[in-house]
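Asks: Okay, here's what each chain looks like letter by letter:
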Amino acid sequence: MKDSDVEVPAIQLRGVRKTFRLSEDRNAKTVLALDGIDLTIRKGEFLTIIGPSGCGKTTLLRIMASLEQHDEGEVIVEGEPVSEPGIRRAMVFQTFGLFPWKTVIDNVTFPLTVRKFPADEARNTAMKHIRRVGLERFVDAYPHQLSGGMQQRVGLARALSTGADILLMDEPFGAIDAQTRELMQEELLRIWDEERKTVIFITHDLDEAVLLADRVLLMSRGPGRVRELIDVDLPHPRFEYDVRGHENFAKVRGHIWQQLRNDLVQQREEEAS
Amino acid sequence: MLANLKKPSLYLPLLSLVIVFGGWELVGRSINPLLFSPPSVVAAEFVELYRSGVLIEAAQVTMRALFLGYAMAVIVGVPFGVVMGAFDRFGDILQPYLYAIFATPRVVLVPLIVVWFGIGFEARLFLVFFWSAIAISANTAQGVRHARPDLVEVARSFRVTRLQLARHVLIPGAIPFVLAGLRIGAERAIVGVIIGEMFLQIVGLGGVIQQGSSELVPAQMLVAVVIIASAGTLIVTALDMLERRFQNWKGA
Numbered sequence: 000m001k002d003s004d005v006e007v008p009a010i011q012l013r014g015v016r017k018t019f020r021l022s023e024d025r026n027a028k029t030v031l032a033l034d035g036i037d038l039t040i041r042k043g044e045f046l047t048i049i050g051p052s053g054c055g056k057t058t059l060l061r062i063m064a065s066l067e068q069h070d071e072g073e074v075i076v077e078g079e080p081v082s083e084p085g086i087r088r089a090m091v092f093q094t095f096g097l098f099p100w101k102t103v104i105d106n107v108t109f110p111l112t113v114r115k116f117p118a119d120e121a122r123n124t125a126m127k128h129i130r131r132v133g134l135e136r137f138v139d140a141y142p143h144q145l146s147g148g149m150q151q152r153v154g155l156a157r158a159l160s161t162g163a164d165i166l167l168m169d170e171p172f173g174a175i176d177a178q179t180r181e182l183m184q185e186e187l188l189r190i191w192d193e194e195r196k197t198v199i200f201i202t203h204d205l206d207e208a209v210l211l212a213d214r215v216l217l218m219s220r221g222p223g224r225v226r227e228l229i230d231v232d233l234p235h236p237r238f239e240y241d242v243r244g245h246e247n248f249a250k251v252r253g254h255i256w257q258q259l260r261n262d263l264v265q266q267r268e269e270e271a272s
Numbered sequence: 000m001l002a003n004l005k006k007p008s009l010y011l012p013l014l015s016l017v018i019v020f021g022g023w024e025l026v027g028r029s030i031n032p033l034l035f036s037p038p039s040v041v042a043a044e045f046v047e048l049y050r051s052g053v054l055i056e057a058a059q060v061t062m063r064a065l066f067l068g069y070a071m072a073v074i075v076g077v078p079f080g081v082v083m084g085a086f087d088r089f090g091d092i093l094q095p096y097l098y099a100i101f102a103t104p105r106v107v108l109v110p111l112i113v114v115w116f117g118i119g120f121e122a123r124l125f126l127v128f129f130w131s132a133i134a135i136s137a138n139t140a141q142g143v144r145h146a147r148p149d150l151v152e153v154a155r156s157f158r159v160t161r162l163q164l165a166r167h168v169l170i171p172g173a174i175p176f177v178l179a180g181l182r183i184g185a186e187r188a189i190v191g192v193i194i195g196e197m198f199l200q201i202v203g204l205g206g207v208i209q210q211g212s213s214e215l216v217p218a219q220m221l222v223a224v225v226i227i228a229s230a231g232t233l234i235v236t237a238l239d240m241l242e243r244r245f246q247n248w249k250g251a
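Protein chains in written order, with numbering that gives the first Met the number 0: chain A, 0 to 272; chain B, 0 to 251.
The hints are simulated quantities; they were obtained by calculation from the structure and are not laboratory data.
Glycine included, every Cβ here is placed at the ideal spot set by N, Cα and C.
Treat the hints with caution; some may be incorrect.
To be verified - The list that follows gives simulated cross-link-like pairs (lysine to any residue, SDA-like), each with its CA atoms no further than 25 Å apart:
#, chain 1, residue 1, chain 2, residue 2
1, A, K101, B, E47
2, B, K249, A, M149
3, A, K101, A, E79
4, A, K101, A, D119
5, A, K127, B, R158
Stated by the list, open to error - One-sided excerpt, in silico: chain A residues whose CB lies under 8 Å from chain B:
#, residue
6, P99
7, M126
8, F137
From just these sequences and the hints, can you work out the full model?
Replies: The structure is reproduced here in structure tokens:
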């Protein structure tokens, strides 16, 4: 697994830097959002990204999705530098991003429809993934008729049906109630266990970060940088035992919290002075 | 409260109609018949005007200008609005003029319209078409411009072409706005046609009102008023219902 020389990494970031202008004005002040990001994400790895708010984790993910352009550095997906969204990557959005005028099935087939897949093939693929997330009874429902958890299941089914082998998930369970979230974490682990897609998953929930990840990327802010990469040594499949009760869980969680806490305290002191 | 607004019940509106008509009848009987008429007299007048064929002819004249002008407004207004919304600069340039025209009372332009189009059918058609088209364009443009950025991004992440973006995201997203434009445009169209009939050539239902006024037959005026009000309510309510059906398309 560690032999990254042999296997082409899923995503590689080299010296990625990103600044934002504070307004549309050309001469407006700029803010350095990300600086010197070097990161290699292995194929089939589940990477979670956590950090204080404003550390640029969403920007980083959007750069990996090519939805945002970086100013310097390189983004390499499966060995090739990219600058446009591609079919090997699929995004799952925090606010689900479902089209209100499309039914569940039409939302899920959408990525295939725009790629001109034959209708029945698109439908079969979509149905397979709709069944996997347990929504076969709701294929003809509209998003507003579904709960948040169900809507995100549609979002997940849509990303899966693209056939992409890299899933980019931007706080996908952030807008979902706590109990449903636990259930969905379990479902996601199950799906990941079946397909071993590369998953890059942003969260602000410490438990979630540790529970899901092979590695946790801890970021710091001002500008956003990689602070630490932490291996999570917890056996798979994780949906089969009480991960939170495992001693390594507490150890890793404690370690990350310590770092995060330092950052937060420091940040508060800076803001106060 | 909100639930009531969403599903209007028939009970209260009917009750209010009974009370209003009842009150009208009572008050109407006690007023000089040259100034006002109770519903019973209006109803009798309606039957007479209907039998004589005056009403049918007037309604036809009105409806012809109304529907033709409105149809033209929809056909021109929607695509124009799409273009305005899709090309920001174009929209920015036109916007102040559209708002100015939209905000100007049409009556002040009537003399100018007479100079351009005369006082006949064309002038009335213009009165219906122009303001209605502006309302439809402005709303459509707003709908296209206010496409939800999150959904545009979703589409981009799946590598849509410009055409696919328009078809799957921009146009469906604009539909609630277009429908609002169609409703406002219909209101404008109805007012436009009546203005034309009352202040240009005295014809149609607007003409029936003017005639009733000059001949001091309030019942005749009221017949036309009731017909215009009913037709207007019907059209606007129908469009309003259509608009509600698409409410869900606006938000997540």
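Asks: Would you mind marking each hint as holding or not holding in the structure?
Replies: Now the hints, each set against the structure:
| no. | hint | in the structure |
| --- | --- | --- |
| 1 | A/K101 - B/E47 | violated (53 Å) |
| 2 | B/K249 - A/M149 | holds (19 Å) |
| 3 | A/K101 - A/E79 | violated (34 Å) |
| 4 | A/K101 - A/D119 | holds (17 Å) |
| 5 | A/K127 - B/R158 | holds (22 Å) |
| 6 | P99 | holds (5 Å) |
| 7 | M126 | violated (19 Å) |
| 8 | F137 | violated (15 Å) |
Of the numbered hints given earlier, the model fails hints 1, 3, 7 and 8; all others are met.
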